[in-house]
Amino acid sequence: MTKEERLKKRHRAEKRFRFYGLTSIFVALLFVVILVQNIFSKGSSAFKKTVITTEVFFDQELLEIQNGASQEEIMEADFYDIMIENLIKAYPAKDRDEEDELLKLFSGDAEIEIKKAFLNDNNLIGKTITLDLTASDDIDQLHKGNYPRDLPEERRRISDFQLVIYDYFVENKKISKNFNNYFFNNGDSRDPELAGIGGALVGSFYSILICLLLAFPVAVLASIYLEEFAPKNKITDFIEININNLAAVPSIVYGLLALQILLATIQLPRSTPLVAGITLALMTLPRIIIPCRASLKAVPPSIREGALAVGASKFQSVFHHVVPLALPGTLSGTIIGLAQALGETAPLILIGMVAFVVDIPSSPVDPSSSLPVQVYLWSESAERGFVEKTSATIMMLLSFLIVMNFIAVYLRQKFEKRWN
Amino acid sequence: MNIVLIFLITIFSVSLFFYGKSKTKTISIKDNIKLNALPKFYGYYLVLWCSIPALVFLLVWSLFEPVIIKSIIIETAANQGAIFSDKNEANLIYEKIKAIHLGTYFGDIDSILRESALAYAKFINLFTNSKVVLIFGIIIASVIYSLKKIKNNNKARDDVEVILKGLLFVSSLIAILTTLGIIFSLLFESIKFFSVINIFDYLFGTNWSPQRAFVRDASSITAAEFEELKDAFGFIPLIAGTSFIAFIAMLVAVPIGLFSGIYMAEYASIKVRRISKPIIEILAGIPTVVYGFFAALTVGPFFRQVGENLGLTVSSESALAAGLIMGIMIIPYVSSLSDDVINSVPQSLRDGSYAVGATKSETIKQVVIPAALPGIIGSVLLAVSRAIGETMIVVMAAGLAANLTINPLESTTTITTQIVMILVGDQEFDSPKTQSAFALGLTLFIATLILNYIAQRAVKKYREKYD
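Those sequence lines, one after another, are chains F and X.
In case it helps, this note's numbering puts the first sequence at residues 1 to 420.
In case it helps, this note's numbering puts the second sequence at residues 1001 to 1467.
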């Protein structure tokens, strides 16, 4: 091999090496794109729901209330007969079996939707109005094109006759897509068309709020102590080792801690945002302390010395000068810690947040779910409608995380002082 | 009740603040004393003394009150003839008694329950009254003490700072308390578990099937049941499955992470670096439940389809799918850390290598990486500890049954999956099955602790070398 050939070979090796590096970055970026694209393509349809436009006639004979009835009277009244009577008119069905199949195309809440219309206007008896009633999950998925029509009938959840009705609806423009208010307002449900993340949103909000209230002050005080006041001794070293180790303990271990201490020993109520918040606070604490200490450390000693020189005490120099200067970094570290806590699932599963909760929690001691746990719960469900609901929940979760991270970056870039 | 008390404590504190402030002011003006501290510090001093002891007492009391009342009530119910065989039934009766007291119970109420409910009401009353009395006692005592202290004292600021410093120290102790809490809660149940199951049967057993542990009461175990139990908690398949999935993950994460780290540290322009680094770090910020969903619903079925087309049987919960996705999640841990580590290799080493004619890649391979090796190994170890502690991806995408296999197309299970499976839903207290989850947690905790310790030592040693 001549010198030139060797040099060429070495330059080829150089190019290859560079190519490997570029490819790895590309693969990592590609995966981010694939993941986001996959979730968005599955989930974006969940923000709309399919509705069937139906004429509803409020027949006096089928209702036991009068025009102008009070709220309580309407709430107690039975709208079942009215619902059946009007829904079977949506399509000219021939017999009871066909009517049953027709009724299955509407959601389980059709009666409640009709009642709500009457609640809005209690003079409807004897009148006919047009209502957009929520369609069942199967029709919803079919209309959104997520459901293959060409399967043989026995492998479909929709019968051939129901397809005929569906085509009739489409032809007569009786079927359309509306904004899915149920997805944001409702709690969990066994029916995908009625299931929503309302409960999970509130549960997550309470959990993160409690986590913030507990973790932020303690983390800031602890990092001020360790960075500014702690003498160099064995206790301080031990605390530091502890914090570093705690930051790396798998989150599920915090779930076991919560199960044993918070639920079994102190007997706080299971499945509640209160317990979730405390658990997440314990978990987030070391993850906040580390960036807090870094931002305190970044404040140059001259600031402290300047304060001390004009007669401030150690405390005044720290709390009047160092802490305010370190605050942007502290806050952004806290927000990033909270973002991690918001996406945490495993410890919450162990403290019983996987319970099926329909009601939206009204306080932090009500049983509740949370966004990531809702993702886990729905992903285990067999119904096709839950796939889009799960993806849409992930979209909500990711957008919260993105917003939080942007706030953190903004705080740091806008307010943090650079010292050199 | 607690909210009212906290409100009262706040009001007292605020009024004491103004009292202390104005009082010292008037004294210092009247007697013409030069104070060493501003008047407000006398106020702060009173506030701290008034609020901290009372609040700490309130917190401790609120934590233990329900537990104590419960044990008293269950005992009185038992004395009155209520029959319950285990903890769950006792809990049920206690809940009933509570519901009767609150007026939300609509079932049949027998005399035992009625009597117990009356006793419950009595105790609640007693506890609340004594709480209020004690809190006021504490407030009065500490206020008298602190008022005495600020008389003839011109160093209130120093005193306030001593108290605040104590507060800071206590906050930093929370880290130690958390560690102690973890160790205590894991050990407590694990010791119970290992008193039934021999630790060697656990560590070296090759069969994991905790569902066989139907025995509720460990004391009344027969010999046959004991043999059965002995065989049900073998740890080997779990550690094998965990390491296998972690190994697949590392096969993905180490090359991709390391190469991107190297490229970013050595080749990339500042602009490329500024864009690609945060995007790669997005991978670490995505919640793991999202990866789990993606692995279980997209990647798993996709692999099965591909396998079918190739004539292979691929489980839809294959170790490959879980490992691959976990590897992608871990990429940023490897890339960011190795990027940092490579950046801190001194430029003089590179310059020396260039000076003797090496190309850039030769310099990286033969000078930079050997110099950075301890740090890189540290970052890989941290990534391994992430992988074995990772829960949601494997719960959703890996299998539930413990198979001893090295075929990546089959399903295996992991330590974390088993912990979740055992503890999800209703648990029987004091059953070896429930306790085994804590033994698994303890094993996991120790394993990650050791890995982290070694990794942190390696990184630290390396940093010191070039600082």
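By construction, these hints were calculated from the structure, which means they are not laboratory data.
Certain hints may be false.
[To be verified] Straight-line Cα separation of at most 27 Å, DSS-like style, residue types lysine-lysine; simulated pairs:
| # | chain 1 | residue 1 | chain 2 | residue 2 |
| --- | --- | --- | --- | --- |
| 1 | F | Lys297 | X | Lys1021 |
| 2 | X | Lys1155 | F | Lys314 |
| 3 | X | Lys1021 | X | Lys1151 |
| 4 | F | Lys177 | F | Lys297 |
Item to complete: With a cut-off of 27 Å on the C-alpha distance, tell me whether F:Lys297 and X:Lys1021 pass.
Response: 35 Å, violated
Discussion item. Next pair to validate is X:Lys1021 with X:Lys1151; report whether the Cα-Cα distance is within 27 Å.
Written reply: Given that 27 Å is the threshold and the Cα spacing comes to 12 Å, the pair holds.
Worksheet item: Hey, X:Lys1155 versus F:Lys314, does the alpha-carbon distance stay inside 27 Å?
Response: This hinted pair holds, its Cα atoms lying about 15 Å apart.
Discussion item. Would the hint linking F:Lys177 and F:Lys297 be met if the CA-CA limit is 27 Å?
Written reply: 56 Å, violated
The structure shown violates the earlier hints numbered 1 and 4.
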